[in-house]
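Go by the hints and put chain B onto chain A.
Chains A and B, in that order, give the protein sequences. Residues 18 to 132 in this note's numbering are what the first sequence spells out, letter by letter. Residues 38 to 148 in this note's numbering are what the second sequence spells out, letter by letter.
Simulated from the structure, these hints should not be mistaken for laboratory data. Keep in mind that a hint or two might mislead.
Claimed, not checked - Residues of chain B clear of chain A, computed beta-carbon distances all greater than 10 angstroms:
| no. | residue |
| --- | --- |
| 1 | 52 |
| 2 | 54 |
| 3 | 61 |
| 4 | 82 |
| 5 | 86 |
| 6 | 90 |
| 7 | 97 |
| 8 | 100 |
| 9 | 108 |
| 10 | 113 |
| 11 | 118 |
| 12 | 119 |
| 13 | 120 |
| 14 | 122 |
| 15 | 135 |
| 16 | 140 |
Claimed, not checked - Coverage of chain B stretches by chain A, computed from C-beta distances (three or more under 8 angstroms per stretch; other residues unrestricted):
| no. | region |
| --- | --- |
| 17 | 66-77 |
| 18 | 123-133 |
Claimed, not checked - Derived pair list, reagent style DSS-like, types lysine-lysine, alpha-carbon separation capped at 30 angstroms:
| no. | chain 1 | residue 1 | chain 2 | residue 2 |
| --- | --- | --- | --- | --- |
| 19 | A | 26 | B | 79 |
| 20 | B | 140 | A | 74 |
| 21 | B | 106 | A | 74 |
Positions of the beta carbon are idealized from the N, C-alpha and C atoms, including for glycine.
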Amino acid sequence: DSGVTQTPKHLITATGQRVTLRCSPRSGDLSVYWYQQSLDQGLQFLIQYYNGEERAKGNILERFSAQQFPDLHSELNLSSLELGDSALYFCASSVVDGGWHTEAFFGQGTRLTVV
Amino acid sequence: ILNVEQSPQSLHVQEGDSTNFTCSFPSSNFYALHWYRWETAKSPEALFVMTLNGDEKKKGRISATLNTKEGYSYLYIKGSQPEDSATYLCATNSGNTPLVFGKGTRLSVIA
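Extracted from the complex, chain A is given alone in its bound form (with noise of 0.2 angstroms):
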């Protein structure tokens, strides 16, 4: 266990709609990263807060957004669903603040299917 908790695991929805996925951080980590795992792609880098605030952005999609709350939670909002958001979706969290020589905590992920 990463002590990394993603909720929901699943997720089925149709195009259109909004969802939100909501990530829980290991006790003490500041940072939280989103990635995007769709088939035959490696995990994409969607963004990163440290400490509530936003340090990093990837290739984030404009319909996507994400926020970190006081108590370190993260949420990512999917909106306007189309067919290729299906995806699996990780939440990772570390210490640091973008420090990208230290490791990564990895949820289980969320599996959203658009149909």
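Frame of chain A, contents of chain B only:
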């Protein structure tokens, strides 16, 4: 865009065999190299993080080496066991920027 290549894409070995796979990346402006193990239905789990050319790290039967000048890292598994079956992910970056992951090497160890 940083390109991280992992080979082979998949691998089947017999229990007890030793094996290795490769992660290739651009050597310019190297910052860090991560290896993760991802078992089906579980979270990716960090194995090693390496930052210096020539780094060698070991955890049990698994070890990794890093060559930043030529842009590659090897992951070795000695005496493979069925529980080693997983996808092994490599990730790196250029400067202090978000990691770019390879597509992984899927290892199956046959008892």
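Okay, the hints, checked on the actual structure:
1. 52: holds (27 angstroms)
2. 54: holds (26 angstroms)
3. 61: Non-interface label stands for residue 61(B): nearest chain A Cβ at 13 angstroms, farther than 10 angstroms.
4. 82: violated (7 angstroms)
5. 86: violated (5 angstroms)
6. 90: holds (14 angstroms)
7. 97: holds (16 angstroms)
8. 100: Consistent with the label, residue 100(B) stays out of reach of chain A, its closest Cβ about 17 angstroms off (over 10 angstroms).
9. 108: Holds: least Cβ distance 17 angstroms, greater than 10 angstroms.
10. 113: At about 19 angstroms from chain A, residue 113(B) clears the 10 angstroms cut-off, so the statement holds.
11. 118: holds (21 angstroms)
12. 119: It holds; residue 119(B) is separated from chain A by about 21 angstroms at its closest Cβ, greater than 10 angstroms.
13. 120: holds (17 angstroms)
14. 122: Per Cβ check, residue 122(B) is outside 10 angstroms of chain A; nearest 18 angstroms; holds.
15. 135: Per Cβ check, residue 135(B) is inside 10 angstroms of chain A; nearest 4 angstroms; violated.
16. 140: violated (5 angstroms)
17. 66-77: holds (count 4)
18. 123-133: This one holds; 4 residues, not fewer than the three required, reach chain A with a Cβ under 8 angstroms.
19. 26(A) <-> 79(B): The hint holds at about 11 angstroms.
20. 140(B) <-> 74(A): holds (21 angstroms)
21. 106(B) <-> 74(A): OK: residue 106(B) and residue 74(A) at ~28 angstroms, within 30 angstroms.
In the structure shown, a violation is registered for the earlier hints numbered 4, 5, 15 and 16, in ascending order.
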